[in-house]
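FYI, the numbering for the sequence shown is 846 to 1155, going by this note's numbering.
It should be emphasised that the hints constitute simulated quantities derived from the structure, not laboratory data. Computed from a prediction, not measured in an experiment: that's the story for all the values here. It is possible that part of the hints are untrue.
Said to hold, decoys possible - Below, computed lysine-lysine pairings styled on DSS-like, alpha-carbon distance capped at 27 angstroms:
#1 1045 - 894
#2 1147 - 894
#3 1020 - 1061
#4 900 - 1006
#5 877 - 900
#6 1111 - 1147
#7 1006 - 911
#8 877 - 1095
#9 1017 - 877
#10 1042 - 1006
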Amino acid sequence: MKVAIWFLLLLTQITIATAQKNKSVYLFSYFKGNGEDGLHLAYSTDGFKWQALKKDSSFLTPTAGKDKLMRDPCIIRGADGLFHMVWTVSWNERTIGYASSKDLIHWSEQQAIPVMEHEPTTLNCWAPEIFYDAGTKQYMIYWATTIPGRFPKGDSAGDEKYNHRMYYVTTKDFKTYSKAAILYDHGFNVIDATIQKNGKQYVMFLKDETRYPPQKNLRISTSNSLTGGYTAPSAPITGKYWAEGPTVLKEGKQWIVYFDKYTEHKYGAITSSDLVNWTEVSDKLEMPKGIRHGTVVTITNKELQELLKQ
846 MKVAIWFLLL LTQITIATAQ KNKSVYLFSY FKGNGEDGLH LAYSTDGFKW QALKKDSSFL
906 TPTAGKDKLM RDPCIIRGAD GLFHMVWTVS WNERTIGYAS SKDLIHWSEQ QAIPVMEHEP
966 TTLNCWAPEI FYDAGTKQYM IYWATTIPGR FPKGDSAGDE KYNHRMYYVT TKDFKTYSKA
1026 AILYDHGFNV IDATIQKNGK QYVMFLKDET RYPPQKNLRI STSNSLTGGY TAPSAPITGK
1086 YWAEGPTVLK EGKQWIVYFD KYTEHKYGAI TSSDLVNWTE VSDKLEMPKG IRHGTVVTIT
1146 NKELQELLKQ
């Protein structure tokens, strides 16, 4: 009898330990300053209190591109189990950065993917993101680009010479890529898109980059297809501050959208259960000092423990 009770207690302890080991943790990838020192990471167990890892020093020094920056890092976990990351390598190059990792500590050789080299007047490739499409078993990388004169609508409403549209490429192996194509154009300056699956629908969170008259807010668009057919944008879902760089976490039925209140030098967040009615929860956030435009990905507690050793 005593042996049976001891065995049950041992089994319970093992079960609890295993559950704790496999418990999900949220990881925030971000940059600081101009992105010159590379990849920064923070973690959270509740989605609101975020703690910087490695004493807020860089996990990866940028080497891709001429300017060797690592701005707007976006990380996802692929179907192959690897973490795949894309980022902005420069303010004015026609490439984006890419690298992969098994553990977020050791990274592959960095690539500068020439996504817009075929368009010689391209001014920029900013804030790339990546999405894995299980249906086609390929990755879509998407970003904002300005090609002067290409889209007359919005040409005089942006900041200086910029009038962005969202473009994309697809790849299965990160060696060969499709030719860049338009992902989103509704006649206005758009940037900082991030896409989430919601049932059979795709939800795009985007920034209306119109400067005159000023918008600088976040909106939503939906589509039944990942690579096109997105609707005109919703009304703004953020407040009367300027917001950029949305990233999204879904907990059960609750959506949390994080964003950079860049003119106020702090982060904000809003929540919703229906993608229509939004509640401001920025006052609940605790973020690392100086955090800039990044993304959220879910990792295991075991993976976190290895990061904490760095």
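Okay, the hints, checked on the actual structure:
At roughly 31 angstroms between alpha-carbon atoms, residue 1045 and residue 894 are farther apart than 27 angstroms, so this suggested pair is violated. A distance of roughly 19 angstroms separates the Cα atoms of residue 1147 and residue 894; the hinted pair therefore holds under the 27 angstroms criterion. In summary, the hint linking residue 1020 to residue 1061 is not supported, as the alpha carbons are separated by about 35 angstroms, beyond the 27 angstroms threshold. A threshold of 27 angstroms between alpha carbons decides the hint, and for residue 900 with residue 1006 the separation of about 38 angstroms lies outside it, so the pair is violated.
With a C-alpha separation of about 13 angstroms, the suggested pairing of residue 877 with residue 900 holds against the 27 angstroms cut-off. This hinted pair does not check out: residue 1111 and residue 1147 have alpha carbons roughly 30 angstroms apart, beyond 27 angstroms. Between residue 1006 and residue 911 the CA atoms are separated by roughly 22 angstroms; this keeps the pair inside 27 angstroms, and the hint holds. Our distance criterion of 27 angstroms between C-alpha atoms is met by residue 877 and residue 1095, whose separation comes to about 25 angstroms.
Distance restraint check for residue 1017 and residue 877: the Cα-Cα separation of roughly 31 angstroms exceeds the 27 angstroms cut-off, and the hinted pair is therefore not satisfied. For the suggested pair residue 1042 and residue 1006, the alpha carbons sit about 33 angstroms apart, so the restraint of at most 27 angstroms is broken.
Hint compliance for this structure: hints 1, 3, 4, 6, 9 and 10 are not met, and every other hint is.
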